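If you read the sequences in order, they're chains X and V. Each residue of the first sequence is one higher than the one before, starting from 4 at the first, in this note's numbering. Each residue of the second sequence is one higher than the one before, starting from 16 at the first, in this note's numbering.
I should point out that these hints are in silico values taken from the structure, not numbers from a laboratory. It is possible that some hints are incorrect.
Among the chain X residues that face chain V by a calculated CB cut under 7 angstroms, a handful are [as the list claims (entries may be wrong)]:
hint, residue
1, Val335
2, Gly356
3, Ala379
4, Leu381
Label pairs and their calculated CB-CB ranges [unchecked claim]:
hint, chain 1, residue 1, chain 2, residue 2, range
5, V, Phe150, X, Arg331, 44 to 50 angstroms
6, X, Ala127, V, Gly151, 47 to 53 angstroms
7, V, Ile159, X, Gly18, 43 to 49 angstroms
8, X, Ala350, V, Gly25, 35 to 41 angstroms
9, V, Trp122, X, Glu364, 40 to 46 angstroms
10, X, Glu78, V, Ala29, 56 to 62 angstroms
11, V, Ile159, X, His277, 27 to 33 angstroms
12, X, His277, V, Thr308, 21 to 27 angstroms
13, X, Ala311, V, Pro195, 52 to 58 angstroms
14, V, Phe150, X, Asp474, 50 to 56 angstroms
15, X, Asp437, V, Ala255, 34 to 40 angstroms
16, V, Ile159, X, Ala438, 40 to 46 angstroms
17, X, Arg375, V, Ile159, 47 to 53 angstroms
Given the structure is predicted, the values throughout are model-derived calculations rather than measurements. Where a beta carbon is used, it is the ideal one built from N, C-alpha and C, also for glycine.
One letter stands for each residue in the lines below.
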Amino acid sequence: MPPLLALDRLGKRYGAVRAVDGVSLSFAPGTIHAVVGENGAGKSTLLRMAAGVVTPDVGVVRIDGEALAPHTAAEAIRRGVGMVQQHFALVGVLSAIENVMLGAEAVTGLGRLDVPRARARADAVAREMGVSAPPWDEPVERLGVGDRQRLEIVRTLVREARVVILDEPTAVLTPGESVQLYAMLRRLADGGRAIIVVTHRLDEVRDHADQVSVLRQGKLVSTRALTRGEPGLLHDIARDVMGEEPPPALERRTSAPGEVRLAMKDVHLGRALHGVTLRVRAGEIVGIAGVEGNGQRELVRVLAGLAAPDRGEVHCEAAAVVHEDRHREGLVLAASVRENLVLGELARFTRHGLIDAAALEREARGRLHRGRIVPADLDGTAASLSGGNQQKLVIARAVGRCERVAVFVFAQPTRGVDLGAARAIHAEIARAADAGKAVLLVSADLPELRALSDRLLVLARGRIVAELPPDAPDAQIGEAMLGGDAAEANEGAAGATA
Amino acid sequence: MSPRGRAATGAAVAGVAAGWLAFAILVWIYGDSPREVAGQLLAGTWGTAYGVGQVLYKATPLLLTGVAVNLALRAGLFNIGAEGQLAVAGLAVGAAGAALPLATPAWIALPAVIAAAPVAGAVWACVPALLRARFGAHEVISTIMMNRIADAAVGLALACGLAIPGTVRTPDVVRGARLPRLEALGLPSLHGSAVSLALPLALVVAALVGGWLARSRIGRETTLVGLSPTACAAERIPVARRIGVALVLSGAIAGLASLAPVLGSKGYYESGMGAGAGFGGIAVALLGRGSLTGLVLAALLFGTLEQGGLVINARVPMEVMSLLQAVIIVAVALADGRIRGALQRGAWA
Chain X
4 MPPLLALDRL
14 GKRYGAVRAV
24 DGVSLSFAPG
34 TIHAVVGENG
44 AGKSTLLRMA
54 AGVVTPDVGV
64 VRIDGEALAP
74 HTAAEAIRRG
84 VGMVQQHFAL
94 VGVLSAIENV
104 MLGAEAVTGL
114 GRLDVPRARA
124 RADAVAREMG
134 VSAPPWDEPV
144 ERLGVGDRQR
154 LEIVRTLVRE
164 ARVVILDEPT
174 AVLTPGESVQ
184 LYAMLRRLAD
194 GGRAIIVVTH
204 RLDEVRDHAD
214 QVSVLRQGKL
224 VSTRALTRGE
234 PGLLHDIARD
244 VMGEEPPPAL
254 ERRTSAPGEV
264 RLAMKDVHLG
274 RALHGVTLRV
284 RAGEIVGIAG
294 VEGNGQRELV
304 RVLAGLAAPD
314 RGEVHCEAAA
324 VVHEDRHREG
334 LVLAASVREN
344 LVLGELARFT
354 RHGLIDAAAL
364 EREARGRLHR
374 GRIVPADLDG
384 TAASLSGGNQ
394 QKLVIARAVG
404 RCERVAVFVF
414 AQPTRGVDLG
424 AARAIHAEIA
434 RAADAGKAVL
444 LVSADLPELR
454 ALSDRLLVLA
464 RGRIVAELPP
474 DAPDAQIGEA
484 MLGGDAAEAN
494 EGAAGATA
Chain V
16 MSPRGRAATG
26 AAVAGVAAGW
36 LAFAILVWIY
46 GDSPREVAGQ
56 LLAGTWGTAY
66 GVGQVLYKAT
76 PLLLTGVAVN
86 LALRAGLFNI
96 GAEGQLAVAG
106 LAVGAAGAAL
116 PLATPAWIAL
126 PAVIAAAPVA
136 GAVWACVPAL
146 LRARFGAHEV
156 ISTIMMNRIA
166 DAAVGLALAC
176 GLAIPGTVRT
186 PDVVRGARLP
196 RLEALGLPSL
206 HGSAVSLALP
216 LALVVAALVG
226 GWLARSRIGR
236 ETTLVGLSPT
246 ACAAERIPVA
256 RRIGVALVLS
266 GAIAGLASLA
276 PVLGSKGYYE
286 SGMGAGAGFG
296 GIAVALLGRG
306 SLTGLVLAAL
316 LFGTLEQGGL
326 VINARVPMEV
336 MSLLQAVIIV
346 AVALADGRIR
356 GALQRGAWA
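Could you build the full structure based on these sequences and the hints that come with them?
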């Protein structure tokens, strides 16, 4: 029997770049197949070709052994291949159910929209997915990211997709939501569908995928079947992804932490922070774990001096802060890489009110090289860099201030960054602590927190609800993270039944 | 030239071309020959020394208001208030020049009277600057209001004793406070035209502002704030202060634009003197696209059109020239992301 979906020597060029170069892959029903690779390795292009969205220059996409012709998304959907894009294609002002119907509207005999029928169908799909139905009548713009993603998947399944392709589905999700998503994908696979997930999170691959294919520079490097618990597996995949031996695991110099450099005492801010108390000493890395939206953003804003707490005390010595949103707080996108590398530090390079261009150039060049920013062009705009290199820029600027600060705050330092860059950033964070700085690391990435932190603080509902060692079991951390949420949910449920 | 520079130049050239096309069509509809009228326009402006002098005279305040509006734009602000800042400054210069003792020597009188212009312009811009920096009030609204207030305030001040009774003009400024005309400074061929020392002064100011934006710490930070106030705030650049200072400086420079008519040409201030140059400066800044050369060329273009309107007035109505200018402004503004950006940022701030 021919495979459900087969890619036969697909190739695609963009200008001089071979985005995808002769890749052949097949996907079987009942499996979750992960496609991994660094940014720009060609993952998205490959699967967009598989879903008919992008037309290949060479090669054929076969569904049930038959070539996809014409090569359009509509035809692919008709033949049972659906894709959930990284940036959801939903209409914000329309309700959830209207979005599900969009483009495949069920109508009654008189041409009226048959909303009840569509809803019954969507409800059935949600039941099969094992999720509670999204609020169908709510406008999509009021839904959270998790709901929107479920909606996109419902929309794909309503069109009877047998192959579901998801592009970086967990990039926008919290760890808890990610686990739920994979549980749901597993149910869909068990129902006889082929699930394809593009990701660059290797821990997800290890925990959830049946097959993994690695792409590098447009070429297929390897395809493996995964057996749970196989030792060295992650290392092998990482090597394939990077094309070189991954650097050894981080080594932290262990030394007794010093003076308290950063302290918050009973800090309240609006509806976000409700009495946060924490201390970070010189030379230690304190990780803040928690589901996003529990006050992380506000915590960082208070430490950066961008928000004044309503109540409580903040003691923070000279700090360099890496904000979570590099496009908003991190970079002046339209300005040059040079100016971004020394943003806010012009006073240091000024003599008699005029900028000492040579001194500024020296400092910027030093940071550019240390941060391994590619392309190494100080005159290009920050906007022209890839996401990973933008993040490297922001980190390079922060660690470049090492001599003048006592505290570092890193918020989501490796979000949306590929493996190589993430490792380099982790090394910088470890180096900062080894240099005797107090480091606060706020991250939604639990493995990252575990690898770097000396202590973990769990932030839930604007409070620090637990302090744990970094090697505490997942379940214990997860429970603490959800602590506030679960209590609230129970209260809500009790209220509803009463 | 950078890609952005090329795109900017392209937009400017296209805008000017669209303007001339509209001009040609209008003249043709009016029943005259576009070619002949354009020929006459050029002959009357760049064809004679006097014409050139007059173009330069008209271009002088436009260059300064253009530099003023451009400075604000770089900080992400849209200063519509140059018109009012110029009017208030004109009155201040006229009144100060008339108040000095008759025998004041030029080396005292000129600096004192010239200084009155930026001070008055800056004071007038202080109000929107404070409103913006402290309360986030949109500067487009507040500078427009300040224009109306300037109209009324200048009229009131003239009526309350600054004007010669029965007129709407100040007494003549003292001799020492007049800016010498270029014809008296070794360019006799410009005889009769009102171009004065205000022109080189304007060029120097334009160059200084350009240098300040590019080389000084505050100037660079102002530009960065204009590009992304959030990122600058996150790196502890005092955003509100930079914005406030930029708007006040913009007002000071717009105030300087009053020097050419008041001290260089008439020797007194009269109600309405210099009117239009404030709004013209917006056009110059849009067309000039932030570069010094661009601003000078744009000021010359609009100076030519203004003088040209007078030249061809016998054949076609002057409104045709206004229309030409309007088409250029609209076309260029449409292509200008900075304007859209400044308006949107303000609207959501």
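Here's how the hints hold up against the structure:
no., hint, verdict
1, Val335, "holds (4 angstroms)"
2, Gly356, "holds (5 angstroms)"
3, Ala379, "violated (19 angstroms)"
4, Leu381, "violated (14 angstroms)"
5, V:Phe150 / X:Arg331: 44 to 50 angstroms, "violated (23 angstroms)"
6, X:Ala127 / V:Gly151: 47 to 53 angstroms, "holds (51 angstroms)"
7, V:Ile159 / X:Gly18: 43 to 49 angstroms, "holds (47 angstroms)"
8, X:Ala350 / V:Gly25: 35 to 41 angstroms, "holds (38 angstroms)"
9, V:Trp122 / X:Glu364: 40 to 46 angstroms, "holds (43 angstroms)"
10, X:Glu78 / V:Ala29: 56 to 62 angstroms, "violated (42 angstroms)"
11, V:Ile159 / X:His277: 27 to 33 angstroms, "violated (45 angstroms)"
12, X:His277 / V:Thr308: 21 to 27 angstroms, "violated (58 angstroms)"
13, X:Ala311 / V:Pro195: 52 to 58 angstroms, "holds (56 angstroms)"
14, V:Phe150 / X:Asp474: 50 to 56 angstroms, "holds (52 angstroms)"
15, X:Asp437 / V:Ala255: 34 to 40 angstroms, "holds (38 angstroms)"
16, V:Ile159 / X:Ala438: 40 to 46 angstroms, "violated (54 angstroms)"
17, X:Arg375 / V:Ile159: 47 to 53 angstroms, "holds (50 angstroms)"
When each numbered hint is compared with the structure, violations occur for hints 3, 4, 5, 10, 11, 12 and 16.
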